[in-house]
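Asker: These protein sequences, in sequence, are chains A and B. End of the first sequence sits at 322 in numbering that gives the first Met the number 0; the numbers just go up one at a time, nothing left out. End of the second sequence sits at 322 in numbering that gives the first Met the number 0; the numbers just go up one at a time, nothing left out.
The hints are simulated quantities; they were obtained by calculation from the structure and are not laboratory data. Some hints here could point you the wrong way.
Identical copies go unnamed one by one, so any copy, or any two together, can satisfy a pair.
[Said to hold, decoys possible] With a Cα cut of at most 30 Å, we get these calculated DSS-like pairs of lysine-lysine: (1) Lys289 with Lys97; (2) Lys168 with Lys178; (3) Lys291 with Lys267; (4) Lys127 with Lys21; (5) Lys291 with Lys178; (6) Lys289 with Lys89; (7) Lys291 with Lys89; (8) Lys64 with Lys15; (9) Lys257 with Lys89; (10) Lys21 with Lys64; (11) Lys257 with Lys97; (12) Lys205 with Lys226; (13) Lys127 with Lys197; (14) Lys219 with Lys192; (15) Lys197 with Lys168; (16) Lys319 with Lys257; (17) Lys97 with Lys291; (18) Lys27 with Lys1; (19) Lys227 with Lys127; (20) Lys97 with Lys21; (21) Lys230 with Lys15; (22) Lys97 with Lys15; (23) Lys319 with Lys99.
2 protein chains.
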Amino acid sequence: MKEVVIGIDIGGTFTKFGIVDKEGNCLKENFTSTDKYTEFEVYLEHLHTEIEELISSINEEIEIKGIGIGAPNGNYYHGTIEHAPNLNWKGTIPFVNKFKEYFPGLPIRLTNDANAAAIGEMIYGGAKNMRDFIVITLGTGLGSGIVVNGNVVYGHDGFAGEMGHLNVKHRGRMCGCGKRGCLETYVSATGIKRTAFKLLAERVDKSELRGISYNDLTSKMISEAAKKGDKIALDAFEMTGRVLGVKLADAVAFSSPKSIFIFGGLAKAGELIFEPTRRYMEENLLPIFKGKVEILPSQLQDANAAVLGASALAWRELQKLNA
Amino acid sequence: MKEVVIGIDIGGTFTKFGIVDKEGNCLKENFTSTDKYTEFEVYLEHLHTEIEELISSINEEIEIKGIGIGAPNGNYYHGTIEHAPNLNWKGTIPFVNKFKEYFPGLPIRLTNDANAAAIGEMIYGGAKNMRDFIVITLGTGLGSGIVVNGNVVYGHDGFAGEMGHLNVKHRGRMCGCGKRGCLETYVSATGIKRTAFKLLAERVDKSELRGISYNDLTSKMISEAAKKGDKIALDAFEMTGRVLGVKLADAVAFSSPKSIFIFGGLAKAGELIFEPTRRYMEENLLPIFKGKVEILPSQLQDANAAVLGASALAWRELQKLNA
Numbered sequence: 000m001k002e003v004v005i006g007i008d009i010g011g012t013f014t015k016f017g018i019v020d021k022e023g024n025c026l027k028e029n030f031t032s033t034d035k036y037t038e039f040e041v042y043l044e045h046l047h048t049e050i051e052e053l054i055s056s057i058n059e060e061i062e063i064k065g066i067g068i069g070a071p072n073g074n075y076y077h078g079t080i081e082h083a084p085n086l087n088w089k090g091t092i093p094f095v096n097k098f099k100e101y102f103p104g105l106p107i108r109l110t111n112d113a114n115a116a117a118i119g120e121m122i123y124g125g126a127k128n129m130r131d132f133i134v135i136t137l138g139t140g141l142g143s144g145i146v147v148n149g150n151v152v153y154g155h156d157g158f159a160g161e162m163g164h165l166n167v168k169h170r171g172r173m174c175g176c177g178k179r180g181c182l183e184t185y186v187s188a189t190g191i192k193r194t195a196f197k198l199l200a201e202r203v204d205k206s207e208l209r210g211i212s213y214n215d216l217t218s219k220m221i222s223e224a225a226k227k228g229d230k231i232a233l234d235a236f237e238m239t240g241r242v243l244g245v246k247l248a249d250a251v252a253f254s255s256p257k258s259i260f261i262f263g264g265l266a267k268a269g270e271l272i273f274e275p276t277r278r279y280m281e282e283n284l285l286p287i288f289k290g291k292v293e294i295l296p297s298q299l300q301d302a303n304a305a306v307l308g309a310s311a312l313a314w315r316e317l318q319k320l321n322a
Numbered sequence: 000m001k002e003v004v005i006g007i008d009i010g011g012t013f014t015k016f017g018i019v020d021k022e023g024n025c026l027k028e029n030f031t032s033t034d035k036y037t038e039f040e041v042y043l044e045h046l047h048t049e050i051e052e053l054i055s056s057i058n059e060e061i062e063i064k065g066i067g068i069g070a071p072n073g074n075y076y077h078g079t080i081e082h083a084p085n086l087n088w089k090g091t092i093p094f095v096n097k098f099k100e101y102f103p104g105l106p107i108r109l110t111n112d113a114n115a116a117a118i119g120e121m122i123y124g125g126a127k128n129m130r131d132f133i134v135i136t137l138g139t140g141l142g143s144g145i146v147v148n149g150n151v152v153y154g155h156d157g158f159a160g161e162m163g164h165l166n167v168k169h170r171g172r173m174c175g176c177g178k179r180g181c182l183e184t185y186v187s188a189t190g191i192k193r194t195a196f197k198l199l200a201e202r203v204d205k206s207e208l209r210g211i212s213y214n215d216l217t218s219k220m221i222s223e224a225a226k227k228g229d230k231i232a233l234d235a236f237e238m239t240g241r242v243l244g245v246k247l248a249d250a251v252a253f254s255s256p257k258s259i260f261i262f263g264g265l266a267k268a269g270e271l272i273f274e275p276t277r278r279y280m281e282e283n284l285l286p287i288f289k290g291k292v293e294i295l296p297s298q299l300q301d302a303n304a305a306v307l308g309a310s311a312l313a314w315r316e317l318q319k320l321n322a
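Please model the entire structure based on the sequences and the hints provided.
Answerer: Right, here's the structure in full:
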């Protein structure tokens, strides 16, 4: 009998879920709509049905040990999703308590997606046996999972690790959160696009980016242009690395991690983003920390990383229960 | 038989030590020179003699359960003092290992002074039963002790919690650490003095501070001038509170503490510093954190707070041993 857990990643559009063994092999996975369901109860019933179908489709004998969930604005302490701007369900959603009715007796844990990514890195990825590290997820926004002494930092209210909203600049770029100058308005797939547009406005260099609309431009296009030597694109990476590097130096002063892992689309630009980030971080570190902290690409497989992260949360909770 | 511990606070000039019971009563304390001793071994022998004398002078029956030490650049993991700029002893000093020769069998623990202050707040002060909080110490510089889930954050190398060297401004004020623009160059007794001098240079307002030299000016004088309505002094507090408030908002995004305690001389300015700090922190918080985090004065008695903090480290370690 193979021991497995169910990992669920709730996104604004889709919910992905998979059956994952201890080694991080995803035996099977599937997805369903999130945004089609205006009523949370209907969504949950449907999700349960889909998961049961996935379980039935597995040919070997399995024993389900637990469920881990990654969700936007997920609260680890309460098992709730609270005021998530990109979901249909408003207010505080008691996800875990409701879901338990479908899976009585099974340990179910929920956290936000970046914390799940951090636990994924710890259980299956590059942070095995590491006690102190940070995972930065670069997507539409910037998420972070901070691990101190072997545990994710949840903070007093369960919402710690919001590095996407560190303050970079007074009266800086408008952020979806209502503030201005947040880190993710500079450092994310969207952030580097905004930086590229700022540079296109300020400078006169020729650039292949001048033919692309804001709506059409992707961080991948900026990365491809940079690889061909496009000055605007290269400087967009330089500026993005500078803003990120300085804030990572702050993060090191705060929690002194051994490594910082970068996860998500923008990380695929490789040294274009890693080199300036490392350089500016080193420049802004206290002497006592210089040369000590690695910035590394995440070692979670991209294809199902979010589901792996969520499943890792379930394994991690089982470790704690047996400790 | 009364159970007590010995708390030792090592400063650049003096070393203070005291005998402290579980309730934080300092039965007796004394001090000796730090900077008179160029050789560490001679200092340690002398310190031991002084402590034994203090112990002998106590009239009731006591049982010494442990020793806690707060020291600049103190490393909790290794019990060392590493490259402390203000001490005579260069390089890495194996303080705890050497000290154990004088107190065989007794648990001895060492950390930096701000971490000791945080443990003091947790054991005797305003953070009793609090799992997530931060202590900011405002003296010549700015120190911080960050507590997550009931434990001080030491980080991968034992040096976490260096919020004094968070990056406030690119090419900002020169810092003793060799960097520029560090938080403590703006927010500390020295920082507010530098701000006052900047304002005296930039503006033409009359101010009683115009008659005082840089060497003579203290943060207490700025506070007294502000209380009399001196505009330069008032704005020096406003600016100090702004820089601190923004960085505390970052700290909240990072570890989501329940409370932030401010400790040290500058905290005595009361609302002059607390009001703008709170206001700017709130303004820069993610909506999810707004109105949740208190900024409070430390509740450790000032007279022997550093010794109390160090002794609290000893009690905390004994709690852990018995857990």
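Asker: Are the hints correct? Go through all of them and say.
Answerer: So, going through the hints one by one against the coordinates:
1. For the identical chains of this complex, Lys289 and Lys97 are inter-copy neighbours only, at 28 Å across copies versus 48 Å inside a copy, given an alpha-carbon limit of 30 Å.
2. Proximity of Lys168 to Lys178 under the C-alpha cut-off of 30 Å is found in both arrangements, the shortest distances being 11 Å within a copy and 20 Å between copies.
3. In this homomeric assembly, Lys291 and Lys267 come within 30 Å of each other (Cα to Cα) only inside a single copy, at 24 Å, whereas the closest approach across copies is 37 Å.
4. With identical chains, the CA atoms of Lys127 and Lys21 are at most 30 Å apart within one copy only, with a shortest distance of 13 Å there and 39 Å across copies.
5. Within a single copy, Lys291 and Lys178 get their C-alpha atoms only as close as 33 Å, which misses the 30 Å cut-off; across copies the closest is 17 Å, which meets it.
6. Taking identical chains as interchangeable, the C-alpha atoms of Lys289 and Lys89 lie at most 30 Å apart only when they sit on different chains, with a minimum of 19 Å there against 45 Å within one chain.
7. In this homomeric assembly, Lys291 and Lys89 come within 30 Å of each other (Cα to Cα) only across copies, at 21 Å, whereas the closest approach inside a single copy is 43 Å.
8. Only within a single protomer do Lys64 and Lys15 lie at most 30 Å apart by alpha-carbon distance; the minimum there is 19 Å, versus 55 Å between protomers.
9. Proximity of Lys257 and Lys89 under a CA criterion of 30 Å is satisfied inter-copy only: 25 Å between copies versus 38 Å inside one chain copy.
10. Within a single copy, Lys21 and Lys64 get their C-alpha atoms as close as 10 Å, which meets the 30 Å cut-off; across copies the closest is 44 Å, which misses it.
11. When the C-alpha separation of Lys257 and Lys97 is checked against a cutoff of 30 Å, the pair qualifies only between copies, where the shortest distance is 28 Å, while the shortest distance within a copy is 38 Å.
12. When the C-alpha separation of Lys205 and Lys226 is checked against a cutoff of 30 Å, the pair qualifies only within one copy, where the shortest distance is 15 Å, while the shortest distance between copies is 58 Å.
13. In this homomeric assembly, Lys127 and Lys197 never come within 30 Å of each other (Cα to Cα): the closest approach is 40 Å inside a single copy and 49 Å across copies.
14. In this assembly of identical chains, Lys219 and Lys192 lie within 30 Å of each other by CA distance solely inside one copy; the values are 10 Å within and 48 Å between copies.
15. In the homo-oligomer, the alpha carbons of Lys197 and Lys168 lie at most 30 Å apart both inside one protomer (15 Å) and across protomers (21 Å), since each shortest distance falls under that limit.
16. Within a single copy, Lys319 and Lys257 get their C-alpha atoms as close as 23 Å, and across copies as close as 25 Å, so both meet the 30 Å cut-off.
17. With identical chains, the CA atoms of Lys97 and Lys291 are at most 30 Å apart between copies only, with a shortest distance of 27 Å across copies and 45 Å within one.
18. In the homo-oligomer, the alpha carbons of Lys27 and Lys1 lie at most 30 Å apart inside one protomer (14 Å), although the nearest pairing across protomers, at 63 Å, exceeds that limit.
19. With identical chains, the CA atoms of Lys227 and Lys127 are never at most 30 Å apart, being 36 Å at best within one copy and 59 Å at best between copies.
20. Taking the shortest alpha-carbon separations for Lys97 and Lys21, only the intra-copy value of 26 Å comes in at or below 30 Å, while the best inter-copy value is 45 Å.
21. Taking identical chains as interchangeable, the C-alpha atoms of Lys230 and Lys15 are never at most 30 Å apart, the minima being 39 Å within one chain and 59 Å between chains.
22. Taking identical chains as interchangeable, the C-alpha atoms of Lys97 and Lys15 lie at most 30 Å apart only when both belong to the same chain, with a minimum of 19 Å there against 57 Å between chains.
23. In this homomeric assembly, Lys319 and Lys99 come within 30 Å of each other (Cα to Cα) only inside a single copy, at 19 Å, whereas the closest approach across copies is 35 Å.
Figure legend: structure checked against the earlier numbered hints; hints not met, in rising order: 13, 19, 21.
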